[in-house]
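S.K.: Please construct the entire structure, taking both the sequences and the accompanying hints into account.
Protein chains: 2
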Amino acid sequence: MLVNGKPGNLISIRDRGLLYGDGVFRTFVASHGKAQQWPLHYRKLQHDCVALGIACPDKALLFAELDGLLAQHTGGVVKLIVTRGEGVRGYAPPAAAKATRLWDISPLPDFPADWSTHGIKARLCQLRLGHQQHLAGIKHLNRLENVLATAELSDAQSPDSGIAEGLMMDTAGNVIGGTRSNLFLVSKGKLVTPDLSRCGVKGVQRDRVIAWAAQHKMPLQVRNIGLDEVLHADELFVVNSVIGLWSINELEQRRMSGFPIARQIRKYLFEQGA
Amino acid sequence: MLVNGKPGNLISIRDRGLLYGDGVFRTFVASHGKAQQWPLHYRKLQHDCVALGIACPDKALLFAELDGLLAQHTGGVVKLIVTRGEGVRGYAPPAAAKATRLWDISPLPDFPADWSTHGIKARLCQLRLGHQQHLAGIKHLNRLENVLATAELSDAQSPDSGIAEGLMMDTAGNVIGGTRSNLFLVSKGKLVTPDLSRCGVKGVQRDRVIAWAAQHKMPLQVRNIGLDEVLHADELFVVNSVIGLWSINELEQRRMSGFPIARQIRKYLFEQGA
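Top line first, the protein sequences correspond to chains A and B.
When you line the first sequence up against the numbering used here, it's residues 1 to 274, in that order.
When you line the second sequence up against the numbering used here, it's residues 1001 to 1274, in that order.
I should point out that these hints are in silico values taken from the structure, not numbers from a laboratory.
Hints may contain errors.
Taking lysine-lysine and the DSBU-like style, the derived pairs with C-alpha atoms no more than 35 Å apart in a straight line are [as the list claims (entries may be wrong)]: (1) B/1121 <-> B/1139; (2) B/1006 <-> A/6; (3) B/1139 <-> A/139; (4) B/1098 <-> A/202; (5) A/79 <-> A/59; (6) B/1059 <-> B/1034; (7) A/202 <-> B/1202; (8) A/139 <-> B/1202; (9) B/1202 <-> B/1006; (10) B/1006 <-> A/79; (11) B/1188 <-> B/1098; (12) B/1079 <-> A/202; (13) A/217 <-> A/59; (14) A/202 <-> B/1139; (15) B/1139 <-> A/98; (16) B/1079 <-> A/98; (17) A/121 <-> A/34; (18) B/1034 <-> B/1190; (19) A/79 <-> B/1098; (20) A/6 <-> B/1139; (21) A/121 <-> A/79; (22) A/139 <-> B/1098; (23) B/1267 <-> B/1034; (24) B/1079 <-> A/139; (25) A/79 <-> B/1202; (26) B/1006 <-> A/139; (27) B/1079 <-> B/1139; (28) B/1079 <-> A/79; (29) A/6 <-> B/1098; (30) A/121 <-> A/267; (31) B/1139 <-> A/79; (32) B/1098 <-> A/121; (33) A/98 <-> B/1098; (34) A/6 <-> B/1079; (35) B/1139 <-> B/1190; (36) B/1121 <-> A/98; (37) A/79 <-> A/202; (38) B/1190 <-> A/98; (39) B/1121 <-> B/1098; (40) A/98 <-> B/1006.
From a predicted model like this one, the values you see are computed outputs, not experimental measurements.
M.R.: Laid out in structure tokens, this is it:
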């Protein structure tokens, strides 16, 4: 673990990341000493910092820190947090704030292998995401909605029940995505993914699926999606940078199998992964 | 500063308070070695912990820690943060999480004296609060909306401009309160304060104003309030545990003075303060 470039796992209790969730983060996989999709993750980090008015640390500085981290741990799930830094008391962002850089690395989770090959069971969460256009799409540290939605699954998420992800809707009744993943539908030969301009997080893996669609001339729509459309899709899958791609084989009363498009995309994400 | 009962100012970067804003906090004044309204603050802390499913630390334990803190610093602004604690990676609240207790104390802010006696200039923030009924009312650590709304005032909040507070509306057009305070209107002999069931924070000082109204048989309504009603109120004031009560003497084009009801309430809050 690194805190502002030095080995350590402690941060000031006056850091605004703690006080207000005033920061952003990235989670991605490293293997054989190399971070997967680092350029995309840095670009997203920078985008999110700009959106919140946080001075994003330099790419070369972060890459050097990452390099040092991966010299000691060749693989795992890497988490990078950038906060606005410390400041005087009060919500106002200090003019002279210096961003805090935090790195952590954990072992890769050992998800059941058939979640990737045969899909997962998913469930709908009761919690509805609120709309906040100024925070939508950003992977910021205000994640209580995700925490509460995931807590709903806590019994269900035991290995026995096999519920691997919860899908979240917004207060207007649109399906937005998983608690920790972005959602795609295959419907009548098109890819469809939720509009995230009012809530949700635009993940790097979502961008990669959108890029795949463009490369393969597959029509893709980003728009509002109701629950009924989700339950009648030809294929459903969720993506993020750690899980890769999981097809959904069971959601509420609906069961699905096959997933021809999801398989192609999963292969692409995997082969272009490094 | 105290971290889980020990002198210190550092917290693990794996604490969920940092990772997800998964915690709650209290801010209040201490003077002459005594915390103002501690029983109310503990009750609110407990309420907010329950709402998020956090195991609230014992009242006696917290009071003993506060006592120790105030033995060294007889006065100032006390901040108490309770997070869900550390946990394994992922949004799911760990079943065995042990709450983290953080205490900090800062000097009392030196607001201009006439803000209390003659009122403040306030301004409307552009940012609109999103609706999230599961988080509304709770003083949790997900405060990016307040940060961004306050950032709008950063130029205005210089001593020269004299803007002391920003008022925030929600996405439906209701006025919700200040960036760090609760709002009250005096209108046709009634007190009116915004309904906070979809956003906003229910502060301890707000409860005390509501209690004053009951004691003094002054009609009080908690309901949706539009901007027009705010701009035509007989009196406007904001309250929180640090500022006490500030009347608003200027908001947008509207100027006000006098504040007979607000003066009575301010006297009550002050005299019953300890």
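S.K.: Are the hints correct? Go through all of them and say.
M.R.: Each hint tested on the structure:
| no. | hint | verdict |
| --- | --- | --- |
| 1 | B/1121 <-> B/1139 | holds, 25 Å |
| 2 | B/1006 <-> A/6 | holds, 24 Å |
| 3 | B/1139 <-> A/139 | holds, 21 Å |
| 4 | B/1098 <-> A/202 | holds, 32 Å |
| 5 | A/79 <-> A/59 | holds, 16 Å |
| 6 | B/1059 <-> B/1034 | holds, 16 Å |
| 7 | A/202 <-> B/1202 | holds, 31 Å |
| 8 | A/139 <-> B/1202 | holds, 27 Å |
| 9 | B/1202 <-> B/1006 | holds, 30 Å |
| 10 | B/1006 <-> A/79 | holds, 28 Å |
| 11 | B/1188 <-> B/1098 | violated, 50 Å |
| 12 | B/1079 <-> A/202 | holds, 34 Å |
| 13 | A/217 <-> A/59 | holds, 33 Å |
| 14 | A/202 <-> B/1139 | holds, 27 Å |
| 15 | B/1139 <-> A/98 | holds, 26 Å |
| 16 | B/1079 <-> A/98 | holds, 23 Å |
| 17 | A/121 <-> A/34 | holds, 31 Å |
| 18 | B/1034 <-> B/1190 | holds, 34 Å |
| 19 | A/79 <-> B/1098 | holds, 23 Å |
| 20 | A/6 <-> B/1139 | holds, 33 Å |
| 21 | A/121 <-> A/79 | holds, 26 Å |
| 22 | A/139 <-> B/1098 | holds, 26 Å |
| 23 | B/1267 <-> B/1034 | holds, 20 Å |
| 24 | B/1079 <-> A/139 | holds, 27 Å |
| 25 | A/79 <-> B/1202 | holds, 34 Å |
| 26 | B/1006 <-> A/139 | holds, 33 Å |
| 27 | B/1079 <-> B/1139 | holds, 12 Å |
| 28 | B/1079 <-> A/79 | holds, 28 Å |
| 29 | A/6 <-> B/1098 | holds, 27 Å |
| 30 | A/121 <-> A/267 | holds, 21 Å |
| 31 | B/1139 <-> A/79 | holds, 27 Å |
| 32 | B/1098 <-> A/121 | holds, 30 Å |
| 33 | A/98 <-> B/1098 | holds, 31 Å |
| 34 | A/6 <-> B/1079 | holds, 28 Å |
| 35 | B/1139 <-> B/1190 | holds, 27 Å |
| 36 | B/1121 <-> A/98 | holds, 30 Å |
| 37 | A/79 <-> A/202 | holds, 17 Å |
| 38 | B/1190 <-> A/98 | violated, 47 Å |
| 39 | B/1121 <-> B/1098 | violated, 43 Å |
| 40 | A/98 <-> B/1006 | holds, 27 Å |
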